[in-house]
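For reference, the chains in residue letters:
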Amino acid sequence: MSRKITLKSSDGELFEVDEAVALQSETMIEADNILTLPNVTSEILAKVIEYCKMHVESPEADDRAAADELNRWDLDFINLPDTTLLDLIRAAHHLKIKGLVDLACSKVADRIKGKTAEQIREYFNI
Amino acid sequence: MEESAYVSRRWEDLDTDILVKIFQSFDIFQLTSGIAHVCSSWRMACCDPLLWKTLDLSVIRSNFIKIPLEPYVYVDARSDKTLTRLLKISLSLSRGNLKTLIFHFNLYVSDDQLTYTAERCPHLRRLVMPAWNRIKKTGICKAIRIWRDLESLTMPSIANPPYLMEEIANNCKNFSELKVMGPFDNFFADTIRMYLPKIRVLSLRCSMIVKDALISILDDLQNLEVLNISHCLLIEIPPPPAPRRIMRELDQSIIEKASRLREFVTCMKDSCIMCQRTRNDEGIMRWYKYEEGLWKADEVSSLAL
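Line by line, the protein sequences give chains D and G.
In case it helps, our numbering puts the first sequence at residues 1 to 126.
In case it helps, our numbering puts the second sequence at residues 1 to 305.
Chain G extracted, bound-state conformation (with noise of 0.2 Å):
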């Protein structure tokens, strides 16, 4: 006589498997809005670790305005309320197995939202941060000391690198990628060369590049594999009096440098619309100007969002 096993008829003991499989088409506000309180079966599905690879925030902005002083944005407090409460849910939810961390341009995280956030998902590999307004220095390097698993990140162009990148050089052993979204010149190129000999991909597109700059980590990063310097305004300094000049092509010291390179990534046309952008933008990219998530793309697969 076959047995009829009881299968309970109830939406609460719904298998794991299926209910996350139902909570994976869920975007970070439908998951942090009272599914993981309906009962505590659904809470361990909302807090399975297939939701929780990857914490995406950047459809979420800041309301801020611009203003003429340090830190040349003011977030109003509402909005800020809103993302501490995303924050932790989500943390809480994510039970530290958070591996890629993604915020948006105009999203203006404060010092003490990045350490809250660190200390949640100390297993982190990937951060996509392209706006620091707020975030001092001992924040991010609290951060970084917390990251150890770090590998890949992508920030913007600040005036003073060093103290960060030795923060990663010494605390982050797996770190290999980095894309930066801003200008880069010598002192950039310096810092990188000094404390991450090691990297192994690096994104620059979209920026005002310093022609010596680029020489130098073509010639000194040495596990350099894959380089974008795509629709780049690339700038030569002669010693003065000559005057900057923008480069209309690359020249034939750099194509040779770069040969050894697995991928080198350029885009260096008139009628590219990229290109055009970053020109008339001066090597600043505004990506508010344009499409919705343009900043997300990038010619390198693993840095593409």
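Chain D with its partners taken away, still in its complex shape (with noise of 0.2 Å):
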């Protein structure tokens, strides 16, 4: 039976994992059987959990439509408010996503190319 690891967020919620999951994770997989989190809601948690589930098997080398599927399905993932994709990276940086600080990162970059630094400062509220 594969280990659980069960992570806490600063809301004092608990998700469980299994090891294939938590494998995506630097941090994760480093911890003991339990990993707090401080700095991490129960909202932004569950959404990681979410990314690093369907994320468990890359589709074949040569499976096209699994691997489109799946950028499909992270295109539409990522898609969220600017609040959220915040704390999303700081969380995902925190435990050593790569792929998804990756997708998070490329998804802030779409949205201030093009902007001026005026529309940028307004857009994100600097």
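If you're looking for bench data, these hints aren't it; they were derived computationally from the structure.
It is possible that some hints are incorrect.
[Unchecked claim] Subject to a maximum C-alpha distance of 27 Å in a straight line, what follows is the list of computed DSSO-like cross-link-like pairs (lysine-lysine):
#  : chain 1 : residue 1 : chain 2 : residue 2
1  : G       : 211       : G       : 99
2  : G       : 198       : G       : 173
3  : G       : 81        : G       : 137
4  : G       : 53        : D       : 98
5  : G       : 296       : G       : 173
6  : G       : 81        : G       : 198
7  : G       : 198       : G       : 142
8  : G       : 173       : G       : 142
9  : G       : 142       : D       : 113
10 : G       : 269       : G       : 137
11 : G       : 269       : G       : 198
12 : G       : 198       : G       : 257
13 : D       : 113       : G       : 53
14 : G       : 173       : D       : 113
15 : G       : 269       : G       : 257
16 : D       : 98        : D       : 113
17 : G       : 88        : D       : 115
18 : D       : 115       : G       : 136
19 : G       : 136       : G       : 296
20 : G       : 269       : D       : 113
21 : G       : 142       : G       : 88
22 : D       : 115       : G       : 53
23 : G       : 136       : G       : 81
24 : G       : 289       : G       : 257
25 : G       : 81        : G       : 142
26 : D       : 96        : G       : 53
27 : G       : 257       : G       : 81
[Unchecked claim] The calculated label-pair distances, taken between Cβ atoms and stated as ranges, are:
#  : chain 1 : residue 1 : chain 2 : residue 2 : range
28 : G       : 301       : D       : 69        : 54 to 64 Å
29 : D       : 38        : G       : 17        : 15 to 25 Å
30 : D       : 67        : G       : 119       : 24 to 34 Å
Note that beta-carbon positions come from the ideal geometry of N, C-alpha and C, so glycine has one too.
Now that you have both chains on their own, put them together as the hints suggest.
See the structure below:
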């Protein structure tokens, strides 16, 4: 029976994940059975786990259809409001989930590109 | 009791690492369009050395026309201003960290722009600059004197190479890699033998090469490890009155002399489209006629872009 890891969000909620899911996060994998995340809310943690569950298995190298489908899922998944995106990037960065960091950063980059400094400040409330 | 560390929920407080990662997907226009002016932490991320190892300006061309007198191109003022502005911003953000600088063959940099640039990237290691129409001897020599760490140069063929090679020999102690885009004659070969005898990598692809010039560098460049003469038009110039002739294949003497090289890259096939193009263009490849970015290729991986 595979190891399970428990994650505790900042608002006290507990999430249990299989080892296979946790493998995508360097931080999770190195933790003992329970990992406390004082900077990640349950809302965000749920999203992170959703991503990891979807990415447990990479599509076969020659399976274009599966790869495309996963890409579409990713694009749909990451289409989040900016505040959520901000929290998600931070969580993914802290948990060292490379794929999710890259995906989220790419989304933010898209939202920045084409805007002037003034527009960016307005958009992101800086 | 656990402590909950305060984490800002603001975009300006995002980790520099994360900001740099976001900016890594930006091209030069996007990097210089204003993200450095959003706030101080974003500016700091914009200046991160990770973003400024290479400045690739090969997406930019001058707005120019050809003219019958030197420098044979006339660049319109607005196009020049755009380049200057781009150079100012990117060189400022790069904080002197640039290691590689790439220009397009139709980007006609002026002397002043070159000097301005060199002064702001003194640790440059690789320069790709296929057109020097508006560069004067003094300009390029000044730049070479600043670029003491220069290791690799991609340049057009020039009629009078000694002044340049001498400058490189005097100033760039780590110089080891040269790519010449244009005809290679005995004079050029003599200059390299004299001033850059320790060169390790040489690419002369897609140009006319005089056979004797090739033999002389094979004979004398003892440190040469890699030589690329793919798709070249190899010309033999026998003593008069015999005419020049195009060699259809490498002769035994060349093959023997080249056998000591670690990598001798050749292609002399009638069926090869690049070979055909060099032949049609009479040894001076007209890159503008062909696919976008074709000029960037090189069979030698360290020279490819």
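Here's how the hints hold up against the structure:
no.	hint	verdict
1	211(G) with 99(G)	violated (35 Å)
2	198(G) with 173(G)	holds (10 Å)
3	81(G) with 137(G)	holds (23 Å)
4	53(G) with 98(D)	holds (23 Å)
5	296(G) with 173(G)	holds (26 Å)
6	81(G) with 198(G)	violated (40 Å)
7	198(G) with 142(G)	holds (23 Å)
8	173(G) with 142(G)	holds (16 Å)
9	142(G) with 113(D)	violated (37 Å)
10	269(G) with 137(G)	violated (38 Å)
11	269(G) with 198(G)	violated (31 Å)
12	198(G) with 257(G)	holds (17 Å)
13	113(D) with 53(G)	holds (21 Å)
14	173(G) with 113(D)	violated (41 Å)
15	269(G) with 257(G)	holds (21 Å)
16	98(D) with 113(D)	holds (22 Å)
17	88(G) with 115(D)	holds (20 Å)
18	115(D) with 136(G)	violated (39 Å)
19	136(G) with 296(G)	holds (25 Å)
20	269(G) with 113(D)	violated (46 Å)
21	142(G) with 88(G)	holds (19 Å)
22	115(D) with 53(G)	holds (25 Å)
23	136(G) with 81(G)	holds (20 Å)
24	289(G) with 257(G)	violated (35 Å)
25	81(G) with 142(G)	holds (22 Å)
26	96(D) with 53(G)	holds (25 Å)
27	257(G) with 81(G)	violated (50 Å)
28	301(G) with 69(D): 54 to 64 Å	violated (35 Å)
29	38(D) with 17(G): 15 to 25 Å	holds (20 Å)
30	67(D) with 119(G): 24 to 34 Å	violated (48 Å)
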